[in-house]
Amino acid sequence: MSALLEIRDLRLAVDSHPILRGVSLSVAAGELCGLVGESGAGKTMVGRVLLGLQPENARLSAGAVTFEGRDLLALSERERERMLGREIALIPQNPMTALNPVVRIEPQMTDVLRMHLGLDRTRARERALELLVDVRLREPERVLRQFPHELSGGMRQRILIAIAFACRPRLIIADEPTTALDVTVQKQILRLLKELQAAHGTAILFITHDLGVVAKVCDSVSVIHAGRILEAASAARLFASPTHPYTRALFAATPRHDRPGVALAPIPEAITKQLWDEAHAGDALLRAADAR
Amino acid sequence: MSARLRFRFGLIVLALLALLAIAAPLIAPHDPLEQDLLNTFQPPVWMENGARAFLLGTDSLGRDILSRLIYGARAAITVAVVAAVLAGLLGTALGLLAGYFGGRIDALISRLVEIWMAFPPVLLSIVLAAVLGAGLHTVVIAIVVIDWTRFCRVIRAEVLVQKAQDYVASALTIGLGPMATLRSEIVPNVAPLFVTLLSLEMGIAIVVEAILSFAGLSVANDTATWGSMIQEGRQFVRQAWWLMALPMGCIVVSVLATNAFGDGVREIADPLARSGQR
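Line by line, the protein sequences give chains W and B.
For the record, in the first sequence the residue sitting at position 116 is 116 according to the working numbering, with numbers rising by one throughout.
For the record, in the second sequence the residue sitting at position 45 is 45 according to the working numbering, with numbers rising by one throughout.
What the hints contain is simulated information worked out from the structure, not anything from laboratory work.
Hints may contain errors.
To spell it out: a stretch of chain B is covered by chain W in this simulated footprint if at least three of its residues, at any positions, have a beta carbon under 8 angstroms from a beta carbon of chain W; those stretches are [claimed, not checked]: (1) 57-69; (2) 136-149.
With a cut-off of at most 20 angstroms between alpha-carbon atoms, the simulated SDA-like pairs for lysine to any residue come out as follows [said to hold, decoys possible]: (3) B:Lys163 with W:Lys187; (4) W:Lys187 with W:Arg170; (5) B:Lys163 with W:Thr184; (6) B:Lys163 with W:Met96; (7) B:Lys163 with W:Glu77; (8) B:Lys163 with W:Lys216; (9) B:Lys163 with W:Pro101; (10) W:Lys216 with W:Thr184; (11) B:Lys163 with W:Gln54; (12) B:Lys163 with W:Leu275; (13) B:Lys163 with B:Val187.
The structure presented is a predicted model; accordingly, all values stated were derived computationally and were not measured.
Beta carbons: idealized from backbone N, C-alpha and C, even for Gly.
Okay, chain W solo, but in the shape it has when bound:
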């Protein structure tokens, strides 16, 4: 099966401090793929590289990223602008800050439609209204006239989801889209995301630290730690029989509503220490190879 997005051995360092240590990942068309890791594991950086938004002092030392057979890392500025929002879109982490506070919702939604699809003002407005209905917002006419601060976090995240789906992209990168929301709202947003994804056949790379969320929505899962993918499998397989000790420890550290009363176990220090040692040993080997 040829993948929609293929990341091979991606290595990235910020100020010569390694962040990604050989990340490989593939997302098939229409698949909802989870990328799970603790904070600092490098999961957000993977998303940034895909969007070409890595920090200026970051350096890619190895690896390849192909999207529909094209090399994402070799795109010119113009090609990237044409692709972002149209073929690859982002659902950002924090809906409270991702919308421009002094601009009404309408231009923020229609920008992407007018730019990528060449719609005129009225057509873009009609399309924006449809999109707002798709994400189940009531009174879309009113919403278009409002400013972000007049809307709740859940509503804003729905708007951001609508913007992400606006041009029917092949791939959406969802960077912890529910982290900043209340648990009740989280569930609605996840359901909405899953529905839209199924309806449009969009592939989603779902970046999160929340295993409960992964279990609920993802088809396949990759576990990342210290910039390395430790285990990748279908969600069903991973949750039934995790093979990597870190994955098992991660499960044991996550509360489960189906097993109340089972005490949570923190991830044993021995495991994280061993993983970091492995990672640093890899860094040392690479440095030695560079020096030679």
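With chain W held as given, fit chain B onto it using these hints.
Leaving out everything else, chain B in the frame of chain W:
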């Protein structure tokens, strides 16, 4: 004073000044240059010996002060609007470029600003006036040349803040290019600050115009300006204090009005200030 009240005060005073400036020949009771040597140093009408003919009195040559103040508003308003807008546009454009693109552009513009600010402003404007010759255009040029740095520094700093915001990153992820992002995400967020700076600058411009005409570097002596009236009145301040006090009052009130107006506009036009978040 509440924001709305301040805004109204500013709006009314500025509108009045603009009206006086535009319709000066219709409103002024006398020709501002008409001398009446039999009626010099007339006090304003509410004081002892005041005369109906000269509501605010006359100066050492018997010219009507009210008419001269009205004509003086012309120079003040022209300079305030033209100089502040030009300085604002120049400084803001450079500030946006420096803040948004950073790197070499930023280094170049920021060093230029620092060098610029090392010059004493009054000296710079006197040199400019000497080179360009006295006149209203000199005052405007002097203010633009000196005060664009004020806008540039503040706008640049605000752009740096805005650039780090998530919605700027979001704009880039929908494929908006750098120029489009600057236009649609950053400029609207910097606009309230620009309005505030502009109104402050209008006040400053009025004061600078007064200073330069006090020093005789503004419009030619035969045109009435508030600064030149203060300068003339200074010589007779013991006999006729109102000669100096009245134009000073005009300056104070109009500077207050520009500041109040700017604050009000910002608070009314800025959705964040309106919602109490800023």
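- Message: With the threshold set at 20 angstroms, check whether the alpha-carbon distance from Lys163 of chain B to Pro101 of chain W stays at or below it.
- Response: Given that 20 angstroms is the threshold and the Cα spacing comes to 14 angstroms, the pair holds.
- Item | Per-stretch coverage check for the segment 57-69 of chain B, three Cβ contacts closer than 8 angstroms to chain W | Our answer is that it is violated, as 0 residues pass the Cβ test (under 8 angstroms) against chain W, missing three.
- Under the criterion that the straight-line Cα-Cα distance not exceed 20 angstroms, is the pair Lys163 of chain B, Val187 of chain B satisfied? 11 angstroms, holds
- Item | Satisfaction of hint between Leu275 of chain W and Lys163 of chain B, Cα-Cα up to 20 angstroms | 36 angstroms, violated
- Query: Holds or violated: Lys187 of chain W with Arg170 of chain W, Cα cutoff 20 angstroms?
  - Reply: 24 angstroms, violated
- Query: Does the alpha-carbon distance linking Lys216 of chain W and Thr184 of chain W stay inside the 20 angstroms limit?
  - Reply: 14 angstroms, holds
- Item | Proposed proximity, Met96 of chain W with Lys163 of chain B (alpha carbon, max 20 angstroms) | 16 angstroms, holds
- Between Lys163 of chain B and Lys187 of chain W, is the straight-line Cα distance small enough, at 20 angstroms or below? 32 angstroms, violated
- Item | Check of the segment 136-149 of chain B against chain W for coverage (Cβ-Cβ below 8 angstroms, three residues minimum) | violated (count 0)
- Would the pair Lys163 of chain B and Glu77 of chain W pass a check requiring their Cα atoms to be no farther apart than 20 angstroms? Distance ~19 angstroms between Lys163 of chain B and Glu77 of chain W Cα, so the pair holds.
- Straight-line alpha-carbon gap Lys163 of chain B to Lys216 of chain W, limit 20 angstroms: Violated - the C-alpha atoms of Lys216 of chain W and Lys163 of chain B are around 36 angstroms apart, more than 20 angstroms.
- Given the proposed pairing of Lys163 of chain B with Gln54 of chain W, does the C-alpha separation stay at or below 20 angstroms? At roughly 15 angstroms apart (the allowed maximum being 20 angstroms), Gln54 of chain W and Lys163 of chain B satisfy the hint.
Of the numbered hints listed earlier, those contradicted by the structure are 1, 2, 3, 4, 5, 8, 12.
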